[in-house]
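Chemist: Go by the hints and put chain A onto chain E.
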Amino acid sequence: MLTEEENEALCRVGPGTPMGKVLRRYWTPAFQLGDLPEPDCPPIRVTVLGENFVAFRDTQGRLGFLDELCCHRGASLALGRVEDCGIRCLYHGWKYAVDGTIMETPNLGPATFRERVKHGAYPVREAGGLGWVYLGPPGTEPPFPNFAWASAAADEVVVSEIIMDCNWMQAQEGSIDSSHVGILHLDTLATMGSGPRSVGSFDFAGEPWDLDMQVPGGGRREPGQPPRPAVWPSADNAPRIELENTPFGFHYAAIRDATEPGKKFVRVTAFVMPYTALIGGANGAVIVVPRDDYSCSTIGVFRLPPGTDTATAARRGIDKAVWGPEPENRKLRLPKQDREAMAAGLSFAGFRGGNRVQDGAVQMSSGPMYDRAKEHLVPADLAIIRLRRLFADSIRLLEAGHDPVGRGEGCDFTQVTAASQLIDVGQDWRDLVPGHLGSKEPAN
Amino acid sequence: MLWMSVVVDNACTQILAALDGGAKPTSLRVSPVVYDAVAAVRPKEVARHYPLMLLGLPLVADHDVPTYDPVVA
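Note that the protein sequences, when read in sequence, are chains E and A.
Reminder that position 346 of the first sequence reads as 346 in our numbering, one-by-one numbering, no gaps.
Reminder that position 43 of the second sequence reads as 43 in our numbering, one-by-one numbering, no gaps.
A couple of the hints might just be wrong.
Said to hold, decoys possible - Incomplete in silico selection of chain E near chain A, CB under 7 Å: (1) 6; (2) 45; (3) 377; (4) 378; (5) 388.
Stated by the list, open to error - Derived pair list, reagent style DSBU-like, types lysine-lysine, alpha-carbon separation capped at 35 Å: (6) 331(E) / 263(E); (7) 21(E) / 331(E); (8) 374(E) / 263(E); (9) 24(A) / 374(E); (10) 374(E) / 336(E); (11) 374(E) / 21(E); (12) 263(E) / 44(A); (13) 336(E) / 320(E); (14) 320(E) / 24(A); (15) 336(E) / 44(A); (16) 44(A) / 24(A); (17) 320(E) / 331(E).
No wet-lab data here; the hints were simulated from the structure.
Note that the structure is predicted; figures quoted are calculated from it, not measured.
Cβ coordinates follow ideal geometry from the N, Cα and C atoms, glycine included.
Isolated chain E (complex conformation) (with noise of 0.2 Å):
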């Protein structure tokens, strides 16, 4: 629980608030590099943190990103003509580049204010399919977070993003939560192959109800055919938690005994300040960034063969009417449960569309900013709880001049992973991810 002030504290993201500043003193995905395609192309409208932002790739393929409304008399740049290495207003002329130089003012002659004037501009990295910008004070950046999946040539990422509309932190919290994968996403276990579940006294009969959602190794199973092999080792819904704070933020452990004799299931789950979640495996991430205080988008990163259809796989079986990858379908539309298939035994959740769908469900359902006075957290909720103390930690550390925590200084990112394993009952967690360099003190 948290008390009203402090979930305040921790969800709202404008410019001067507690957390607005902490989150600014980070590299922040804000937009797909796959939207800015080629030099000259349209640009696009970016809101994030509470603020509007034009972002565009000039003649020369560099990217800007600027403060949205021209600096002149307001009208929005999203509007206007990449050309000639630069941007140009369509309201009055007024040309920027991508540093934010004022390049022209056709109904200003004189270039005195031109020359000692600079528009709103950013530091901006192209990294994993994505944009990413510094928004803080210039000169404060920290280490850029090059995770290995970062480095992957463009035709072997797939960035899905989907919109919610919640705060920020109900769909953060959700990413690093552990003890709801084998409840929430019963469903999405019976399609991969893990065959009949219970959760309490209902009995689930793992039947491939959600056809179209794409499994591990790709394809689906179809209806008559065989399950795939497990790839969901256990029965046990209520895991252990074992957590490290570590340089980028912290990682944990969720141990669950396995049905292999003499095994324990281990999920190692990576936190990297402020945004990303590394789930299950390295070769992709789960980042989550505010757009404003009540809505917020949700980017999968995945890193995926060459030759791969990304198009396809970023759609990864949800249905065109619920959610697309095309910029104008990304805000997230509930499908209507479906309690016929519930009551039934066919599905658990009733949502068709795997684990987003069914995770976005639940988060957007607590409404637009929920209120964590009303919550009883419970000990394997540690990783949500460590989050949050985090977050409160860097608000007090940078009100009090000091940088937040899990900035990566001395981190190499490409070390950086997540894993998923059956291992020895004896073996410790920690050898499966030996760059993490955790440590069980506190951060501070």
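Modeler: Frame of chain E, contents of chain A only:
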């Protein structure tokens, strides 16, 4: 400003350590400041005479417990 997230994190760490050590915690002793803060945000539970609970354990107010360091009992 009381940072409840720090209180909860410290309490959770202690509870897990106790469980790992084979103990069976029965209550959580907290500073009266923390007890009052929990009571303030849960008026319905107070009105129904439910015990105030945190992390699955009933809270006990104790003046000897530091604000940010609850004690598992």
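Chemist: Against the structure shown, which of the earlier numbered hints fail to hold, in ascending order?
Modeler: 2, 6, 8, 12 and 14
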